[in-house]
Structures are given as C-alpha cells and as structure tokens.
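Protein sequences, first through last, are from chains H and F. For the first sequence, our numbering begins at 3 and goes up steadily by one. For the second sequence, our numbering begins at -4 and goes up steadily by one.
Hints in this document: simulated from the structure, not taken from any laboratory. Treat the hints with caution; some may be incorrect.
Said to hold, decoys possible - The following residues of chain H were derived to be distant from chain F, with all beta-carbon distances above 12 Å: (1) V20; (2) P84; (3) A156; (4) G213; (5) E238; (6) D261; (7) T272; (8) T293; (9) Q304; (10) P312; (11) K330; (12) H334; (13) E352; (14) R363; (15) W377; (16) S379.
Said to hold, decoys possible - The following residues of chain F were derived to be distant from chain H, with all beta-carbon distances above 10 Å: (17) M(-4); (18) R(-3); (19) A(-1); (20) A11; (21) R32; (22) S72; (23) F82; (24) I87; (25) P90; (26) M107; (27) I126; (28) S195; (29) Q198; (30) I203; (31) L207; (32) Q280.
As the list claims (entries may be wrong) - Below are the BS3-like pairs computed for lysine-lysine, each with C-alpha atoms no more than 30 Å apart in a straight line: (33) H/K136 - F/K243; (34) H/K103 - H/K159; (35) H/K103 - F/K209; (36) H/K195 - H/K136; (37) H/K159 - F/K209; (38) F/K209 - H/K154.
Yeah, the Cβ is synthetic: ideal placement off N, Cα and C, and Gly gets one too.
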Amino acid sequence: MTLRPFLQQGRPDLPATVFAPWADPNQKPLIRFQNVTKRFGDFTAIDDLSLDIYEREFFALLGPSGCGKTTMMRMLAGFENPTSGRIELAGQDIVPVPPNKRAVNMMFQSYALFPHLTVWDNIAFGLRRDSMPKIDLQRRVEEMLKLTRLEKFARRKPHQISGGQRQRVALARSLAKAPKLLLLDEPLGALDKKLRQDTQFELMDIQEKTGTTFVIVTHDQEEAMTVASRVAVMDEGRLIQVATPADIYEAPNSVYVADFIGDVNILEGTVRATGPNRYHFTWADTGESVTAASERPFSDGQTAHLAIRPEKVQISAERPEGAENAIKGKVHDIAYLGNISTFHVRVAGERIIKAQSANTRRITNRAFTWEDDVWLSWTPTAGVVLSD
Amino acid sequence: MRRAILILVPYLWLLALFLVPFIIVGRISLSDTALARPPYLPQFSWDEGIWAFLSQLDFENFWFLTTDDLYWKAYLSSLQIAITATFFALLIGYPIAYGMARAPEEWRPTLMMLVILPFWTSFLIRVYSWIGILSQEGYLNQILLWAGIIDAPLIILNTNTAVYIGIVYTYLPFMILPIYSALDRLDGSLIEAAEDLGCSRLQAFWLITVPLSKNGIIAGCFLVFIPALGEFVIPSLLGGSETLMIGKILWEEFFNNRDWPVASAVAVVLLLILVVPIVLFQRNQQRQAEEDR
Ligand SMILES: Nc1ncnc2c1ncn2[C@@H]1O[C@H](COP(=O)(O)OP(=O)(O)OP(=O)(O)O)[C@@H](O)[C@H]1O
Ligand SMILES: [Mg+2]
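Pulled out of the complex, with its shape left as it was, chain F reads as follows (with noise of 0.2 Å):
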C-alpha cells in the first residue's frame, strides 16, 4: 500500500504538470479560431455530448503549418542556431571543466561557485545587460575602439551572433557541470599508465580523457540543446528581423494575431521534435546511472 502511493506521487506529479497541459494544448491545436473568448470553437458543453464536440476538431491548423514556409523555416533555422550553440558551448565548456577538474583541490569550490554564480541574478536582467555590452554604443564597442582594434563600432546586437553569444552564455554552466563530474570521477592513474603503455599527453587526452567523459558531454549538449531550441527571451530582446526561431513565432501567434490553435500546432509540434533528444537524453542518463553500479 505504501509503495503504491510511493509510487503514484510522482505519476500524478506527471499527470498534473504536464500530461493535463499538454492535453489541453493538444485539444486546442485541434479546434479553429473565433472571436470568442477564449478565442477558439468548439467549447464543450453537456448538453450536446461528448461526440458532437469531437465530431468539430480536425487537423486544419498542422496542415496550415505546412502551407506557409515562415513555419518551417522557422523550425529548421530553431535547429540549427541550437545545434551551433550547443556546439559553441561544447567548445567552451569543456576546457572550463577540464580547468576545473585540474585545479588544485582548495580552489574548486569556489570555482564551481564561479560558475553557478550568474543562477543567483535573474536570467532576464542578465540577458537585458548583454545589450549594454553589445550594442553600437556599449561596453565591447567601447573597448575595442579605446584599444585601437576596431575603426568603427562592430554590429553584433540584433543579429544572430548577439543570439549565440546569448544562448552560449546563458546555458553554459549546463554544459560545464556535467563535464566537469565526469572528468572528477576520471582517475588521474588511467591517464599515468596511458602514457606509460606509449601515449603522448596528446594522445592520452583522446584515447582516455575524452571516451571517458562522453557521458558528461552528452548530457551538456542535450541541457544546452533542448531550452535552446525553444528559446524565445534571448532572440526577441539579441536578436534582429533576421533571426528565425520558433519560439518567437509561438509568441507572435498567441500575443500579436490572438490565433491560439495556431500557436498551439506550433507548440505541439516543436514538442514533438524534442522528444527524440529528450529521450535519448534519458537513455544516457540511464546508461550511465548502469554504468556507474
């Protein structure tokens, strides 16, 4: 009995939080658009049953998804400016971890304090102060023209460097995290008797270090990949006209044009396409959890 209610606590948890959401989402993606409030047909009612309010819901709006190319557009350019953050990120964090997991035992608590530090500020104000930073008149600008390296100021705010340089900043400590366990747990002597058996440092790093964190790598990319790909705050307040994510559009259609089964097939379907990381997400986070026993 205990362990039955053990385990149901976390079932409902999920019904609650994301299974009744989702239905509801899934139920508006499927009705059509009206001048009602809320703003979509049919509404339920006991009166008509069960049947004639299902007979109403059709497919419409994914089919309109299709029809005008701002919407795949959108998700394709979504996916690759996640996949080059995340990228980005790997190539950043990584040697951060790896700094870290070599320094000196008394300095790595503060080092990974360092690290969870930005968490403690609210994301948007930090996300507002890279405008101060990147625009024509700020920080980086200013800098660069002081020191003579640049003529005239640099465009980054409003394009999709400002994007990057937003996404690769606010989820780096996802990726640093996980690499930076992982190469904790490595232990130093499988390095020693590499080099021992023939390896340059070089080649020890590749052979040993880097299929030795693979696990932390891939739960890096996917926390930086799966909020990126949604992303909607950092493109809407960096990015420019030119910048395409799907995030932003989800917003336009609920906010600017009030079509909410639009912006509900919108969201269906980007939900769609990060279950496949997610699950594979949690498969190597299972393996690994094996692994580990």
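With the rest of the complex left out, here is chain H (with noise of 0.2 Å):
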C-alpha cells in the first residue's frame, strides 16, 4: 500500500511542512457538519454526524454498501436537506442554500454528461451560467481541456468518446467553476484497474495544481488510501473513525475499522497490565498468553480483540530466538499474490492465522509447503489492542 506524504503546496519559500491542519486549532474547517440528521421516511441515512473537513484537503468517505456515503455528498451539493443539523461552508449555514447557489460542482457517479452537447460545450456549461466573458471562457475551456488531456475530442459528443474520456470531461466539467469544495462519488468506479490508477494520480496532480478542496466517495480502500489527506470510515450513517490512511491502517481505533481496511487477524481475549502501556493479551482459545503493547488504557481482565496485520506476522521452521510472541502451527493454505504470499496457518485446533512474506525468491525456492510444521511470530507493538 502506497501512502502518499501530503506536503503543502505554494510556499517554496518555506520548507515544505507535514499538511494536517485537522491538528491545528487555530485552523477554521472550510465544512462543518454539526450534529446532522436525515431521514427518510422512518429510515434514518445518517445519524446525529459532525465532521470537520479543511480547505487543501482531499478526504475520502468509506465505507460499506448503504451507510450513506452519496447523502452526505447531495447534503453538500444541496439535492437533499438535512433532517436537523447544521452543515456549514466556510463559516455560512448553507442549508437554505439551493444547489446553484452552491461554490460547490459534484462529479456524478455516472457522470451526468449532457449527451446533447459537445464535450467543449458540456465543459462551458457552467460558465456560461456565470454569463462570464467570451474570452475568459474560452481560456478557461481551453485550460482544463488541457488539464484533463482532452483537447482532440473537444468536438465529439458524449457517445463519441470512451469511457475514460467521458470520465475526464465530467471532471474537467466540475472543476471549470473553480469550486471552493469539489464532490467526487465514485468517480472511477467504471474504470479497469490500470486507468484506474493513473487517474488517481492525476486526481492528486490536478487537486495540487488547483488547491481545490475534495471530498471523494468511493468504496475501493486501496484508492481512499491513495488519494486521500484523511479518511473517513462510515458504517449505518455514523462516523466510526476519521484519521489519515496510516493511522487508519496502522491505529484503527476499533475492529469494524480494523477489519473493514485491508487484511486483518483478530484475536479474541482478555488483557491484564504487565507494565506502562503493556498487556498480557491471554488469548481466549488456547489460553496462550502474548504480549501487546497499547496506548489506550485496559482495565485488567477486561476482553478485548488483538488485530494484527499478516504482513506483521514473520513465519519461520524453527522458534525465532528472543521473540516475545510465538505461535506454533501448520501450514493449512497457500496464496500466492506474486509479489508476496499468505500462508493460512492452522493454529490450536481450528483457528487460521494469517501470515504474509514477500516472495523475494523464484517460487521454486518456496521455504514452506502444506502440512509444514512453522512457527509464527511477532513484536509485542505489531498488533493492535481494542476493547469491544
């Protein structure tokens, strides 16, 4: 997993500084979600959220199927009121304010081209609504057909363009206006993986290039943390953690979040303090105890998940000499990704425990095979300790 370090842009005076200006204080969000609700009907979609999201940012809304990722952003664009709750956009309440009134441009999900207009058209829509100069128009047409690498198809229609190009044009479209704050929903769900990849790139080119703040949905994790300055993981209209993609991998701060970024084993069972910021983690199928170390405070015997990542587990022959946390076990299954392998290791009876190494080595060369006898192995701060 590539994790971007997101550096400030336009100061080359200044040493480029760590861009997170969510721990700031002194910083003024550029949207405030406060305490919103929407029903509809007796179906509550979000449920009492607040969120801050600053100016520069590029955030990233996940989560499953239906947790209400699309009625934040149309809460945003205006297609849809809160129930109750307050939305601002810098500083102003702008839940009476109608969508065109919005300096916010959405990128639809299914792209929402005008298949009646030319892609030059569809992309000076907006700014003929401006009734801006022809001039200037033209010049900012021009612009962001070049921004978005579209100038030879500026005269085809919609239907006369791939579907990578209509995506660009609904891109180029939405950021003609220069919006405050740019609503992306899915906007590379309908591409293959590869095009898919170089137009995140260039979705962090262009955010850079333009300073525009963006806010995008998506459902795939490895793109949210790509892409994103932070994520937020959503589940049935609340918030479950908002934090940048590296403290979301690295710290979730429960096993929803765990669970729902990447790969993860979670073991059940009950800590006990063994010292400052350090945990007996007593495993409750074996009765096997490791060690764990945790931030967050445990009362003792409380139960509590242990979540450690299969890239963290090392898997050797023999016991590693020194480790603090060992498991014996046999290799159940093998699945080779290319550039790294995971072994499901049968531990205790019936419980797998995953462990990923890197192929370094020809596969011919593999070290182990089904049925091996293997030990598996962590540091007591590769896991995560979270209570329930």
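Make the complex out of the two chains shown on their own, each in a separate frame, by following the hints.
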C-alpha cells in the first residue's frame, strides 16, 4: 500500500511542512457538519454526524454500501436537506442555499454528461451560467481541456468518446468553475484497474495544482488510502473513525475499522497490565498468552481483541530466538499473489492465522509447503489491542 | 434465400397496400369523367393496346385544380388548421407527458392507461359525443350558464374552434406518448448536474429537458400533423360552413359530384404535400434510432 506524504503547496520559500490542518486548533474548517441527521421516512440514513473538513484536503468517505456516503455528498451539493443539524461552508450555513447558488460542484458517479452537447459545451456549461465574458470562457475551457488531456475530443459528443475520456470530461466540467469544494462520487468506479490507478494520480496532481478541496466517495479502500489526506470510515450513517490513511491502517480505533481496511487477524481474549503501556493478552481459544503494547488503557481482565496485520507476522521453521510472541501451527493453505504469499496457518485446532511474506525468491524455492510445521511470531507493537 | 424472402415480405406488403392503390388513384386522376360505370374514361382494353390507352391520359384535372381557387384555399386552410392544432396539442401534451414522467413509479401504468383508454371506443362515437358537449344546449354551455360565467350560450359547434377541439382531442395521445417516452428515458441526474453547475429549475428545463425530448416532440408533432392535414370526419361533423378542409372537398368530389378523376387529383396532390413531412419524420426516427445505439 502506497502512502503519500501530503505536502503543503505553493510556499517554495518555506520548507515543506506536513499538511495537517485538522491537528491545528487555529484552523477554521471549510466544511462543518454539526449534529447532522438525515431521515428518509422512518429510516435514518445519517445519524447525528459531526465532521470538519479543511481547505485543500483530499477527504475520502469510505464505507459499505448503503452507509450514507452518497447522502452526505448530496447534502453538501444541496440536493438533500438534513432533517436536523447544520452544515457550514466557509462559516456560512448552507442548508437554505439551493444547489445552483453553492460554490460546490459535484462529479456524478454516472458522470451525468449532457448527451446533446459537445465535450467543449459540456465543460463550458457552468461558466455560461455565470455569464463569463467570451474570451475568458474560451480560455478557461481550453485550460480545462488541456488539464484533462482532452484537446483532441473537444468537438465530439459524449457518446463518441471512451469511458475513461467521459470520466475526464465530467471531471473537467466540475472543475471548470473553480469551486471551493469538489465532490467526487465514486468517480473511478467504471474504470479498469490500470486506468483507475493512472487517474488517481492525475486527480491528486490536479488537486495539488488547483488547491481545490476534494471530497471523494469510494468503496475501494485502496483508492481511499492512495489519494486521501484523511479517510472517514462510516457505518450505518455514523462515522467510526476519521484519520490519516496511515493511522486508519496502523492504529484503527475499533475492530470494525481494522476489519474493513485491509487484511487482518483478529484474536479474542482478555488483557492484564504488566507494565506501563504493556499488557498480557490471553487468547480465549487456547489460553496462550502474548505480549502487546497499547497506548490506550485497559483494566485487568477486560475482554479485548488483538488485531494484527498479516504482513507483521513472521513465519519460520524454528521458533525465532528472543521472540516475545510465538505460536506453533501447521500450514493449511498458501495464497500466491505474485509479489507476496499469504500463508494460512492453522493454530490451536481450527483457528487460522494469516501471515504474509514477500516473495524475494522464485516460487520453486519456497520455504514452506502444505502441512509443514511452522512458527508464527510478532513483536509486541505489531498488534493493536481494541476494546469491544 | 431465406434472407431474400424476409426482405421481400415488407416490399410485397408495401407494393400491395401502397403502390398498387396509388397507381390506381394516379391513373384515375389522369382520366376524364364520364357517365359510365366506373365513372371515368378511358378504360383499358386489350384490343386497342397499351399505347392507345396511355395516349388518352392527360393532366387536365390537375390543371383544373389551379383554375378554381376553392382547391388551393382548401389546401392552405387545411395546412393552417393542421399546424395550429398540432401546436395546441403540443402545448397541452407536453405538460401532460412531463407530469406522467415525473409521477411516482407506481402511478405511471395507470396514467399511461388513461391516455390510451379513449382508443377503446370508436373514434366516430367519440367525435359524435363532442357534438353533445359543444352544441348550444350541450353540457359545456349548461355548466357555464349554471356557474354564471356566461349569460348566453356560446356558439362553438360548427365553427373552426370545434374542429380544433376535435383534432386536438383525438390526436393528443399521439403527442403525449412519444414525448413521454423521451422524458421517461431522461436521466434525472442530468437535471441535478445542470442545477449543480448554476442553472435555476427553469433554465435546466429549457437547456436540458427540452433539447433532450426534442426527438419526442418532433415525432409527436408529425404524428398529429400528418393525419390532421387530411382529416375528414372531424371537420364534417364538428365544423361549419366556414370550415374549409381538403378532406371534406375530397369527399364531396367523390360522393356528391361523382367526379372521380378530379377527386383523385386532389388526393394525389394531398399525398405529395404529405410526402415532405413523412420523409422528414422518417429521417427523425432514423436519427433517433442511431443516437440510441
Ligand atoms: N431518496 C431516498 N429515499 C429513501 N431511502 C434512501 C433515499 N436515498 C438513500 N436512501 C437510503 O439511505 C441509505 C444511504 O444511502 P446512500 O445512497 O447514501 O448509500 P451509499 O453509502 O452511497 O451506498 P453505495 O456505496 O451503495 O453507493 C441507504 O440505505 C438508502 O437505501
Ligand atoms: Mg453511493
């Protein structure tokens, strides 16, 4: 997983600082959701949600289908009004403002390109509504065409270009008005993996060039991790965790988040403190104890979960010397993924623990095969202890 | 071989139901009236041969149509009535189609049904019933008098107004259905996208909804205009002496004057006038089919 160091742009005189306005109490958020609830009939789509998003952020909303991501976007764009609560844009309450009066543009999941207009006219559509002088309008459209590399297709209609090109038209059209806030609802859903990755980097490039604030909806977690400055993991209309991609991955705040993002082993057990930030974790299945570090305090005997990423579990033939945590098992299954292999190791009867190792050698020289006895080991800081 | 037969079938159909009748009508229009049975000359006979027959045909009847200004006035008046009626059908039909397309999903089959329902009774009976509504003692006048809106009954029946009402009423479904089908296919997110880009509701309607239902509008207009132009039943039942429509003239030439050749000439000219919109209509349909692909 690639994690992008997110750097502040446009201040070449200053050394690049890490971009983290959410950590700075003096920063004013661009968007502020205050106790927003949205009900459709008696169904609660968004449940008392509060959230701040800052200028120049690339903010990703992540969550399972039906958790309310699109509803959030539609409230920001003005197509839905919250049942209760307040939504602010740059300090101003935008709930009573109709969509056409908001400095917000949306790139629709379906692109929603106007089929009767050429690519050029699609991009110019929003600018014409502002009755921009013709010269400026032309310049702006050309600029957008160039940015999205669509110059050659300007005279074509949407049905005469490819899916990827259409997606870029939709992006150009929503960017043309230089909105304060750009909403992208699953913008890359229809693209194949290669084109999707290219476009992700293109989006990040555009975001850095234009300095627009982006809110992107996706249910591809890898995409969220790649592009976002912060990720919000949602479930049933509530925010579960809002943090940087690295924190979401390395320090999830709940089993739900740990399980939702990436591959993870989750062990159930009880904890007992052994020192400052140090705990004994007794695995409920076997009664075996492992050591785990945790910044979060736990009381003795509290039931908890230990979440460990497979790539942090070492696999070896012998018990590694000096390893604090080691468990014996048998190789049950091997998933070969090219660059890495995932070993499914059966420990203590039926329980499966996954361990990943990089394939630095050719496959014929693989160290372990099915039914081999192996040792799994990890450091105390490899896992995260999570309360229920 | 199978392909050839498949292609042949529609052509044979066209030949039997369009080309052959047209040739017969065309041939009569080139003949002369006669007190005979059938009432025109020449008749083809094998003894005299094809050349003797053809040499007796001429364009006299078409020439005659230009000498009496009744005919071109009737053509013009028909055109004017058909165009006006089409315009009103569009004015009434578009909002209805729009309302249907915007109605909740579960209502739409019912609404569609209501639009098609009149076709279940005879066209003639429906036109007759308008007489009962529009006449001086009719329901409309009774209601208006009772409500105190008017003091004396309105004279609607046997005027051009009644003809407009009749045509618009009869052909309204042909206007509604193609427009509805175009609006139904319109993706609602396009309107939202337009609003998102700064359009008011009304602007979004003119800039997105109307252009995207253009094909439906064109199809609807032709479907009303083409039959309205040659309409005979509605002007003769609802119209009055002032109503001049070519369909009525045609009928009178055939049945009152028993002048089949002149009547045929009128029909041929009417057909030629109709060919232009029919070809345009076909073009529109074809273009739409291509766009949908
Ligand atoms: N107009 C509506 N009327 C009733 N329920 C709605 C409406 N719009 C959304 N919902 C419900 O609200 C919930 C959240 O919908 P939303 O479209 O925000 O989900 P989502 O997170 O975008 O899901 P997906 O990833 O599938 O796009 C869903 O359960 C949906 O059924
Ligand atoms: Mg959605």
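What hint numbers does the structure not satisfy?
Result: hints 28, 29, 30, 31, 33 and 36 break, sorted rising.
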